[in-house]
Amino acid sequence: MTALLRGELIKTVTTRTALAYLATGAAVAIVNVLIVTQFSVLDKEADKREALAGLPILLLLFGLVGAAGEYRHRTAAAAALVARRGRGRLLLARAGAYAVTGLAIAAAMAAVALAVGLPLLAGEPGPQLGSGDIARVAVGSLVAAASSAIVGVAVGALVRSQVAGVVGVLILAFLGMELLATVDEDAVGYTPFGAAALLAGDPGGGTLSWGAAALVMAVWTLPLLVAAIVTERCRDLA
Amino acid sequence: MATVTVRPGSKTRFGLRADAREMNVADSVGMKATHISHVAAPIVVEGLTKRYGTVRAVDDLSFAVRAGAVTGFLGPNGAGKTTALKLIVGLAHPTAGRALVNGPVAGVAADADLLGVYIEPCGAHPGRSARNHLRSLAALAGLPRSRVDEVLALVGLEQAAGGRVGTYSAGMRQRLGLATALLGDPQILVLDEPLNGLDPQGIRWLRTFLREHAASGGTVLLSSHVLSEVAQTVDDVVVIHKGRLVHQGSIDELARLGGGVLVSTPTRERLAAAVRRAGGRVEYHGGGGRLLIEGLDPAQVGELAHDERVVLHELTPHGSSLEEVFFTLTDEDAA
Chain A
1 MTALLRGELI KTVTTRTALA YLATGAAVAI VNVLIVTQFS VLDKEADKRE ALAGLPILLL
61 LFGLVGAAGE YRHRTAAAAA LVARRGRGRL LLARAGAYAV TGLAIAAAMA AVALAVGLPL
121 LAGEPGPQLG SGDIARVAVG SLVAAASSAI VGVAVGALVR SQVAGVVGVL ILAFLGMELL
181 ATVDEDAVGY TPFGAAALLA GDPGGGTLSW GAAALVMAVW TLPLLVAAIV TERCRDLA
Chain B
1 MATVTVRPGS KTRFGLRADA REMNVADSVG MKATHISHVA APIVVEGLTK RYGTVRAVDD
61 LSFAVRAGAV TGFLGPNGAG KTTALKLIVG LAHPTAGRAL VNGPVAGVAA DADLLGVYIE
121 PCGAHPGRSA RNHLRSLAAL AGLPRSRVDE VLALVGLEQA AGGRVGTYSA GMRQRLGLAT
181 ALLGDPQILV LDEPLNGLDP QGIRWLRTFL REHAASGGTV LLSSHVLSEV AQTVDDVVVI
241 HKGRLVHQGS IDELARLGGG VLVSTPTRER LAAAVRRAGG RVEYHGGGGR LLIEGLDPAQ
301 VGELAHDERV VLHELTPHGS SLEEVFFTLT DEDAA
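Line by line, the protein sequences are chains A and B.
Quick note: the first sequence uses this note's numbering, first residue 1, plus one each step.
Quick note: the second sequence uses this note's numbering, first residue 1, plus one each step.
Okay, chain A solo, but in the shape it has when bound (with noise of 0.2 Å):
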């Protein structure tokens, strides 16, 4: 298994895709905080982290582009005929690497948001944000990027097409999400989405603890992976 993971994660680092996310994460995180800091009143600690959340959604993109990119460029076939411990452990292997890499750019996301929020938050009216709640946040970003990253693999595998993966995910993530809050606010926790964004620190996630919310995010990830491994030992490669 560890010879799979390292084959995978040789893959995820050797083409521009990751350094590419890293970057998006990046600018994504610097204009977030700005947007949050200078365009709301942020006088409870729950405002305050919105502006340091991370944004779980990008590493969900990220995995799925990569795993139905492994039809696309036919890469799936290649790697299936040399690992030898069969396609099923060679996709969790290929989730784990893109929940490592996801890791390392959620990690490069949070630091960037507590460096650049941080200074600006300090000068926000209302209680502060104590170490526990910039850690919770942190950490909330990084289980969020990397069970993120594990669906988006989990999905990308299934649907094996990145454009209609990506549209999938983007009409679900903004259009269902805002549908799903109008008839009721409660059940978006309920969702992938909702459940990492709160797991993240962005409590437009819903009402649900950060402790269930874990709970609901691990519940979406691990059918979805064993629908992605059982279907693709089955499938037919190209």
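Please keep in mind that the hints were generated in silico from the structure rather than gathered at the bench.
We put the CB at the ideal spot given by N, CA and C, even for glycine.
The reader is advised that the hints may include incorrect statements.
Label-pair distances were calculated between CB atoms; the ranges are [said to hold, decoys possible]:
no.	chain 1	residue 1	chain 2	residue 2	range
1	B	185	A	16	49 to 57 Å
2	A	238	B	328	27 to 35 Å
3	B	196	A	186	55 to 63 Å
4	A	238	B	327	26 to 34 Å
5	A	203	B	196	42 to 50 Å
6	A	227	B	327	44 to 52 Å
7	B	96	A	227	25 to 33 Å
8	A	44	B	146	38 to 46 Å
9	A	120	B	196	40 to 48 Å
10	B	196	A	118	56 to 64 Å
Start from chain A and add chain B according to the hints.
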């Protein structure tokens, strides 16, 4: 003789059901029938069928590939070669039948030391360098990193290994695909149209490499839709058309199919009668009163003439070209 020729529409199984463990394969050098065990054949295909909806891409295909030989897997475009190869190496799942590679059913788990595969395209991300592509595959296969540089040198890509695959020419991608297949230094090579896009030097290198691989006991199954392209390289041939087996045997046997012996003699009727008694077929050829004898080789005709005290003025092998035989086997009308 162990040649098996099957017209599309008929069924031949070579006795390759689970309870039939042996088959005949023609020896490519001596043209003698070699009895090899089912278990000993590195690649055994049994009743392999692949349907896509109502289309049968591969239809009840059975054959075996022996070690120590290069076997050509031939058929026109759309014959089902690539689909069959994907079934054999485990990339696709058969609708019926099975393919055995060195014993177990293909595709359960890969082993780069055992099976090296090249099926177009080369399976490399265009934004990744050839070296990194091979590094990742070497890691997945549990092979040492040093093997990457070895195969890059082997296929002549070491100078371009740092460049992105997306900038490669078709020939360079072909070489990268071959490097991937050779990464584990496998005993068995399955190559789909490996000569496509290669320059003359590349073709020559690959032919030599494959011959040496077979000479050292390795097994090679390579597909092509151009018989002349592989005729110099292969020992045995498996010809398919519309997903079905139409011929399996040695390349020499294939060349003899449809051929005959042209004979000129002052006592034609006497020789013709002797030939018919010996099981041959005779027809008058051209306006010179010569006989075209089929079903006997030149040596047999010469010996027969000697036994019958028939004087021969001419004894010439008269064979159809390999391409003609190939076209005959895969002729749409015949199918």
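Outcome of the hint check:
{"no.": "1", "hint": "185(B) to 16(A): 49 to 57 Å", "in the structure": "violated (32 Å)"}
{"no.": "2", "hint": "238(A) to 328(B): 27 to 35 Å", "in the structure": "holds (33 Å)"}
{"no.": "3", "hint": "196(B) to 186(A): 55 to 63 Å", "in the structure": "holds (59 Å)"}
{"no.": "4", "hint": "238(A) to 327(B): 26 to 34 Å", "in the structure": "holds (30 Å)"}
{"no.": "5", "hint": "203(A) to 196(B): 42 to 50 Å", "in the structure": "violated (58 Å)"}
{"no.": "6", "hint": "227(A) to 327(B): 44 to 52 Å", "in the structure": "holds (48 Å)"}
{"no.": "7", "hint": "96(B) to 227(A): 25 to 33 Å", "in the structure": "holds (27 Å)"}
{"no.": "8", "hint": "44(A) to 146(B): 38 to 46 Å", "in the structure": "violated (59 Å)"}
{"no.": "9", "hint": "120(A) to 196(B): 40 to 48 Å", "in the structure": "violated (60 Å)"}
{"no.": "10", "hint": "196(B) to 118(A): 56 to 64 Å", "in the structure": "holds (59 Å)"}
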